[in-house]
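Trainee: Quick note, the sequences are listed as chains A and B, same order.
In terms of my numbering, the first sequence has 155 at position 155, counting the first letter as 1, and numbering is strictly consecutive.
In terms of my numbering, the second sequence has 273 at position 273, counting the first letter as 1, and numbering is strictly consecutive.
Take these hints with a grain of salt, some might be off.
[Said to hold, decoys possible] One-sided and incomplete, this derived list gives chain B residues near chain A with beta-carbon spacing under 7 Å:
| hint | residue |
| --- | --- |
| 1 | L5 |
| 2 | D8 |
| 3 | A166 |
| 4 | A169 |
| 5 | A172 |
[As the list claims (entries may be wrong)] DSBU-like cross-link-like pairs, simulated, lysine-lysine; straight-line CA separation at most 30 Å:
| hint | chain 1 | residue 1 | chain 2 | residue 2 |
| --- | --- | --- | --- | --- |
| 6 | B | K249 | A | K127 |
| 7 | A | K166 | B | K249 |
| 8 | B | K174 | A | K68 |
| 9 | A | K195 | A | K237 |
[Unchecked claim] Pairwise CB distance ranges, derived in the manner of DEER restraints:
| hint | chain 1 | residue 1 | chain 2 | residue 2 | range |
| --- | --- | --- | --- | --- | --- |
| 10 | A | D191 | B | Y90 | 35 to 43 Å |
| 11 | B | S130 | A | K127 | 52 to 60 Å |
| 12 | A | K127 | B | L122 | 45 to 53 Å |
| 13 | A | K127 | B | V114 | 34 to 42 Å |
| 14 | A | G202 | B | R290 | 15 to 23 Å |
Simulated from the structure, these hints should not be mistaken for lab results.
Even for Gly, the Cβ is constructed at its ideal location relative to N, Cα and C.
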Amino acid sequence: MTENDVTVAEMPPLTDSTQPADASSVSPSAASAPQIRIAVQPSARAQDSRNLETRIAVKDLNIYYGPKRAVRDVTMDIPANAVTAFIGPSGCGKSSILRCFDRMNDLIPGARITGQVVLNGEDIYDKGVLPVEVRRRVGLVFQRPNPFPMTIYDNVAYGPRRHGVKDRARLDEIVEGSIKRAALWDEVKDDYRKKSGLALSGGQQQRLCIARTLATEPDVILMDEPASALDPISTLKIEELIEELRQRYTIVIVTHNMQQASRVSQMTAFFTLGQDRAGVLIEYAETAQIFTNPRQQLTEDYVSGRFG
Amino acid sequence: MRRSLVWDRVATGVFWAIGVFVVAILGAIILHFLLASMGTISLDFLTSDPSRTNLGGVAPILWNSVYILALTLLITVPLGTIGGIYMAEYAGDGRLPNLIRLSQELISSVPSIVVGLFGLALFVIAFGWSFSAISGALALTVFNLPLMMRLAEQALRAVPQDERDASLALGATKWQTIRHVVLPLAIPGIVTGIILTAGRIFGEAAALIFTAGLSTPGGYDFSNLNVTDPRSPWSPFHTSTTLSVYIWKLNSEGLGNFVHQIADTSAAILVVAVLAFNLFARGLGRALQRHTTGSR
């Protein structure tokens with residue numbers, strides 16, 4: 001194996017690291033599966049989650065749909081101002097866990113959880129906590145772009161309006177700022193007050209949905225395979241946007257695309273189906289480690305493309 | 001030619017013929033009444049009071065039809081929409097919603113003449129409103145409310161879950177989601193439902209015979225806005241025979257010189273009006289769909 005096997009991609013360090021990861025730490029399995037190009041800049045150092053503030057602390061999370069357990073005993077700390085990727089085969093509960101973080105699972109009849117999801121020190125499943133309040137602090141971007149059949153402006157203003165912002169100037173400011181932060185401004189600045197959100201291309205629609213989420217000023221943005229319905233160029237734009245947004249937000253992204261996980265995230269959690277068909281967390285570590293030097297054989301098999 | 005190909009042709013022909021037969025029935029009905037009304041229909045006929053001796057016209061009767069329709073919709077649309085929202089968004093699958101659904105179906109299958117008798121007992125006699133537009137409108141409400149509820153429910157259910165989820169994920173409450181996302185998207189369906197209901201109401205006769213009455217004051221003065229004055233066209237408290245009931249009355253009593261011309265012409269007006277409602281409903285439904293989804 002040579003240096004050429006390692007694709008160099010941008011992956012800026014989050015903090016100082018105690019555990020440098022460079023090309024030399026690429027595991028032999030990565031070499032045996034060259035289709036998985038691992039993105040570690042030789043000069044980049046892996047991030048150490050221990051130095052990061054925890055945004056979401058998940059403790060002994062179990063998710064049930066009716067009598068069936070869908071997710072078993074997940075415990076993990078999701079760091080602030082970083083991108084955490086959830087990877088794993090279909091049906092392993094990645095999306096279910098994601099949707100627990102803004103209580104969207106409450107909408108599914110028969111769904112219930114045990115355990116804790118602590119956001120900024122508060123358990124969002126505590127009795128006194130309203131799901132509506134949680135969803136204001138935690139945004140969710142869906143797999144399929146789903147702008148409302150309204151103008152671009154009204155799409156972005158939707159959240160703030162529902163939360164009681166009435167002042168026109170303030171709304172204008174929020175809408176413009178959100179569209180800019182979602183990297184959509186240059187494409188829509190001339191007609192965003194008149195043009196329907198549905199008249200945009202798929203990639204633009206997804207960035208509109210991100211802008212719509214940003215307008216509610218969340219702490220956390222959840223993304224459920226946000227680029228899986230998009231073409232490669234639109235996907236790249238979304239990934240660049242995610243990198244940009246990481247500075248201000250905590251992002252959790254579910255993805256089936258392992259290259260994407262390795263490109264955009266600092267932390268990666270690998271889930272799979274346990275023996276009772278419930279999703280379990282196999283390994284959770286810095287992205288570089290998951291892809292280059294996983295501790296678990298299952299993780300290694302998955303990231304090297306042997307199953308899933 | 002191969003046998004199977006012959007049969008293929010025959011089958012295609014039979015299906016085509018039955019399809020065309022439906023169109024032919026509609027065409028025959030329209031044509032019959034248009035021809036029968038020729039020579040009678042005129043602007044004068046539409047704007048004059050009925051007369052015992054001359055041809056006269058149907059002006060107040062046509063007005064009563066429109067008035068009772070409007071009154072019924074005024075009651076049915078808000079109640080039906082609210083009921084539909086409950087059934088689609090809140091009711092779920094419990095015992096009560098199942099009972100409501102069963103009741104909706106049963107009311108719809110009660111013959112309208114029976115609903116008329118019920119209206120006679122309740123509104124005309126018990127409430128003391130006698131034969132009047134309001135009694136008629138309430139009788140019509142009895143069997144159109146369940147239909148309106150059903151149509152509103154279906155229109156609301158047709159709104160994709162995606163849209164609701166998007167709104168809820170932004171921290172909107174359930175009611176905000178219904179009010180700002182679901183209802184606007186359901187409006188084309190609801191409006192189409194309203195107009196289809198309107199067609200039924202406009203043509204209904206049996207339920208009105210015992211409730212709205214068989215006669216009408218003539219000489220309507222539209223500047224008389226006093227709704228308690230039984231001579232005012234705006235008052236719901238006087239007997240208000242409608243076009244359908246009038247046709248039935250003319251043909252069953254058969255008194256007067258021009259009975260058949262008047263009945264046929266009224267029927268032509270009715271057919272054209274109901275057709276117009278339906279075509280309008282389709283066109284408006286499509287236009288609203290385009291408007292609310294912003295596609296062109």
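Trainee: Starting from the range 15 to 23 Å, see whether the pair G202 of chain A and R290 of chain B falls in it by beta-carbon distance.
Mentor: Check passed, 21 Å falls within 15 to 23 Å.
Trainee: Given the hint of 52 to 60 Å, check if S130 of chain B and K127 of chain A actually sit that far apart at their C-beta atoms.
Mentor: Holds: the Cβ-Cβ distance is about 58 Å, inside 52 to 60 Å.
Trainee: Can the restraint linking K195 of chain A and K237 of chain A be considered satisfied, given a maximum Cα separation of 30 Å?
Mentor: holds (21 Å)
Trainee: Given A172 of chain B as an interface hint, is its Cβ closer than 7 Å to any Cβ of chain A?
Mentor: holds (4 Å)
Trainee: Taking the closest Cβ pair, is A166 of chain B under 7 Å from chain A?
Mentor: holds (5 Å)
Trainee: So the hint says 34 to 42 Å: do the beta-carbon atoms of K127 of chain A and V114 of chain B match that?
Mentor: With a Cβ separation near 52 Å, K127 of chain A and V114 of chain B fall outside 34 to 42 Å, so the hint is violated.
Trainee: Starting from the range 45 to 53 Å, see whether the pair K127 of chain A and L122 of chain B falls in it by beta-carbon distance.
Mentor: Hint holds: Cβ distance 48 Å, inside 45 to 53 Å.
Trainee: Between the alpha carbons of K174 of chain B and K68 of chain A, is the straight-line distance 30 Å or under?
Mentor: Answer holds: K174 of chain B to K68 of chain A is near 27 Å, not above 30 Å.
Trainee: Less than 7 Å between beta-carbons is the criterion; does A169 of chain B satisfy it with respect to chain A?
Mentor: holds (4 Å)
Trainee: Classify the hint on L5 of chain B as holds or violated, based on whether any CB of chain A lies nearer than 7 Å to its CB.
Mentor: violated (45 Å)
Trainee: Just to be careful, I want the Cα atoms of K166 of chain A and K249 of chain B compared with a cutoff of 30 Å; is the pair within it?
Mentor: violated (59 Å)
Trainee: Starting from the range 35 to 43 Å, see whether the pair D191 of chain A and Y90 of chain B falls in it by beta-carbon distance.
Mentor: holds (38 Å)
When each numbered hint is compared with the structure, violations occur for hints 1, 2, 6, 7 and 13.
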